[in-house]
Amino acid sequence: MKCSLAALAALVLLSTARPAFAADRFRPLDPATPVTFPRDHGAHDDARVEWWYVTGHLNDSEGRRSGFQLTFFRTGVSDALPASRTSSFAPRDLHLAHFARTDVDGKTFRYAERIHRDGPGGASTRSTHLDVANEDWTLTELGGKLTLRATDRDETLTLLLTPLKAPVLHGENGLSRKAPDPDAVSRYVSFTRLKAEGWLTRGSDARAVTGTAWMDHEWGSGAIGKGTTGWDWFSVQLEDGRDLMLYLLRGPDGTRTLHSSGTLVQKDGHSTPLAPTDFTVEVTSRWTSPRTKGVYPARWILRVPKANLALEVTPLLADQELVTDRSTRVTYWEGACAVRPLPGSASPAGQAYVELTGYAGKGALGLF
Amino acid sequence: MSRVAPLFGPLLLRPLRRDRLRFALTVAGIAVGVATMAAILLANASVLASFAATVDVVAGKAGLTVLADGPGIPEETLARLAWLRPRGVALVPAVSATAALEGGDVVEILGIDPVTDPAVRDYRFSADETTLRQLFAIFQKDSVLVPAPLAERLGLSEGSELGVFAGGSLRRLRVAGILRLEGAARAAAGSIVFADIATAQELFAREGFLDRIDLVLPQGLEAASRAALEESVRESLPAGVTVGRPERRTATVDRMVRSFRVNLTALGLIALLVGTYFVYSTLSISVLRRRTDIGTVRALGASSRAVFLVFLAEGAALGVLGSLLGLALGAGMAKAALAAVGGTATDFYLPQASPSLALEPRALLTAFLTGLVTSILSALAPALEAAHVDPATTLRHGSVEASRRRAVNPLAAAGVVLLFLAALATRPGPVGGLPLFGFAAVFLVVAGVSLLAPFAVTEAALRSDRLAVRLLGVEARIARANLTGSLSRTAVAVAALSMGISMMVAVAVMVGSFRATVVDWVSETLKADLFVAPEGGSRALGRLPEEVVGLLDRLPGVASVDPFLSFEATTGGVPYTVGSGRFAVVAAHGDLPMADGSDTRETVRRALTRNEALVSEPYAVKFGVRPGDLVTLPALDGPVALRVAGVYRDYSNDRGTVTVDRALFQRLFRMDGAKSLALRLVPGVSPEEARRRILAATRGRFALRIQTNASLRDAALALFDRTFAVTYALEAVAVAVAVLGVFSTLLALVLERRREIGLLRVLGASAARVSRAVRYEAAALSALGIGLGIFAGAAMGWILIHVVNKQSFGWTIRTDVPWGFLAGALGLVVLATLAAAGRPARLAAATDAAAVLKEE
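Chains as they are written, first to last, in the working numbering: chain C, 1 to 368; chain E, 1 to 856.
All the pointers check out, no bait thrown in.
According to the in silico footprint, chain C covers these stretches of chain E (three or more CB under 8 Å from chain C):
#1 81 to 91
#2 195 to 207
Computed footprint of chain E on chain C; a stretch qualifies when at least three of its residues, placed anywhere within it, have a C-beta under 8 Å from a C-beta of chain E:
#3 84 to 98
#4 116 to 128
Within a straight-line C-alpha distance of at most 25 Å, the following computed DMTMM-like cross-link-like pairs (lysine to aspartate or glutamate) qualify:
#5 C:195 to C:136
#6 E:61 to E:122
#7 C:306 to C:172
#8 E:61 to C:152
#9 E:61 to C:135
#10 C:165 to C:197
Just so you know, these hints were derived from the structure itself, not from any lab.
In this text, a Cβ means the ideal position worked out from N, Cα and C, and glycines have one as well.
Model the full assembly from the supplied sequences, consistent with the hints where possible.
This is the structure we're talking about:
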């Protein structure tokens, strides 16, 4: 559901430009269209917004823990594909990207953001397979595995990601509802469990890291995120091999849940959608950002009775807030969290990434 | 001052009332000189200031800017510089062009990347909305942002259409937003339009190229690491692309306008010299006329120092008045000049579409102080003279003149020495590209001839005596006696007149020669039947697409096509032009005269077969290049050294041009299309017929301006004449001032000699004779002034043509004296001086002998 960042960014940045375009590029999602891989891991030029989102927990040989997030957004700026245009700068999409690292033991959180248009030295995507780049940040599929590379200042993260489960199609055949509006749907596909191996280097210091990552890929052209002020999204990887995705959309009053949904993925990769009635999310603690004064939920109890899950989710670091003034212009919290069984429950432990938007600034984005 | 103040009344104010006309003339004389100088300084300062402002505004927050020495920055350069981003450096690309709008306005078009551009430039919108969102509106193809004042002028609002001439046709762009006149919108004084970088590349056929990449450096970068960074950037740039501080282009432009400025300033100084001569003459005459008053105030106890200060104060007052008037006048002239010129001197790298007048304090102060100081200096001698008036001998008039006469020969000797020095000063070469010694020579000639004036007057009087008396009678004798008798006045008048005349002669000779040379050159080079260029504005802007070249090549009735293509380049900050044409066509027709008179066909054919270059004469002079030498061109794949096959004459571009064959040019610089095309027609096809065919073949697709040979020639000469109109006006003023000087001198002499004239009348001289004597004196003064003026003018003209022009522009100009013009102009001067003698003559004739005797 991280999704809507891109959608909202597109709304904010491009709303005046849009009406003048001839709409012959973007099409509503057709539920009948089958999702095929590896093609659908690549870019969808007929979707107005699209994003690839990788989060993960890593450990080095000395047991130091860290979390990372690497996101590539693509948002269409031109409703016509620039076939008739001769400039290599001919605008097609805006490409935004965020890269964040959480040093759990060092208690530091660092992030960087990028924004580019199509053009030399900027950003690119491919529609044949997964191959996205924003300057030297890349995410590529090679022989069924993914490679990821990103740098920020003196830090570089290079990972080889091996899917441990088949791609999961959320919702109905991958169609996931993102707002009360009926056409606010996106195609939502995830690798919920990827084995991560690679290097985390900082200056001359290079550490081999291993861990588990999660990748989301969503695309769509509808009014995604319309009428919402924010959302809470959870990706949980449990030690028993099950994975859990949950999201809650908050309405204009900022608190009431308008819509929520989820997916439970079995150890064998088999997934079942979760209806709003299938789970509850209880906030048990809050954290106030010293920067933005935003008050974020900071501990949750997740219950999925039919899966026998009662989990306590706790941020590994309180401050994992991103203020993305240069790219998406959205302030949000995206952080690595620990997952423990609620005392007395038989749930397994695990790890999670949580995304919280709409808590800082006015409304969801400050710009609305 | 308390002892000085009471003297102002009797010594200054009273005579001022009496001699209102002369004082007005004096003030006018200074004013004209100061105005000329102020106008030149202000016009230049304004061009530079607006250019610098534009450079500043466009560079915004950039700490370094990547620019091209050659035809453009290959856009892959952005990727080569990507390593800068992790170091916190923002890379902001832009494309720029100058284009004509449908209504005739000329604007700059800056193609920006709205994503990265806000890092370096500010955009504020009229509507109070999110700026980034509005900025992104230009992602839509052919959308532009327009500053509010320009939008108002053109009647544009959001959503309206803007017609722009680009790529040889009229393109309709959509106004996507109106910018407030803040930040980037202030560039080019608001005559700027912003488009998306892709739109700009496509409009101006600049795909693959950028015109600038601004680098925004991290804050708090130390000087040393900044320098290191700059060096690293330099190392990662492709050939022909440079990096440096954004303002370095200002220095290039400064260098470009410098020679222009210095030349005009020198002319202004000559005008000012004439003006200050006037101060000297007025004050000298004033001192002589007021000897009695001075004697009286001295007798009443005024110190000689007080008298000195009063006269100095008078000079200063005249200087202040004249200079202030001059500043106002000069500002007006500069404004008019800027409107006329429209910034042609800066026609590259984000040029100025319309520089506005900047009342730069330094320019104003320079002109004012020059006026004031020269006025005070020229008041010095008369003031000293006044201070030395002996109360006891004020009634004896001749004593001062006697001392003056003794100085005649030493002055003449000094004059000869100065002329000799002037001759020496023509020898050295330019100093820093400026003909400083040449100007020194001009001033030495002026000064030398002025010092010779008293000698000339006495000699003429001495030698003409017998002949004049025989021919013209006793009146001539009286006139002759007056000439030498009042040498201090007559010599000043002669010198002032000669100065005005010399300036007129020199400028006439120079401009006349230049014009004759250009006329010859135009007829030798403009030989094609038709000339085709993109439509839009009066300036040659933009480039026609390759399609037009092919179309004309295939057009029935067209025998040959010579497409001209060029770009502005710099080497070490010095600008020059790289041009191209079809050498085969040039070789066939030989319409490119060589500077050394060698055979054009032969030279061009050799250049074509051996891949050699031709350079224009200004280029050869500026860079010291001769046939056989190598010139290095900033080709896209790295510098290319070409041998110079020959030097051709070119009076159209003083930056200097390196010209290569079109095929070689296209290979080196990957540029196509043409800025203009010269067409030769098949015999029997009339230009009108060919013109019709071209229009028919391009209608609805390309907007072309097609000129016939005759109309282009006329346009070229009209442009020449317009450029030099200012100099004609300048010299007309100088001569008018000098003639008025003769008038005021004669008037003063007559008034002063009332006593003598009265005596003459008593002794039997008729009114007619007295009047004739004054007229003869006037004739003698003007003859002497004209004679000396022609001598000095000829010398100055020679210096201007062969030293000043050659050193500053590199043009060879054949001396061609405009005899007709000179004869006419000098005849007018004679008539004017004789007419000017009318009133003094009548005054002399009307002298009431009885009244004069009674006074005695």
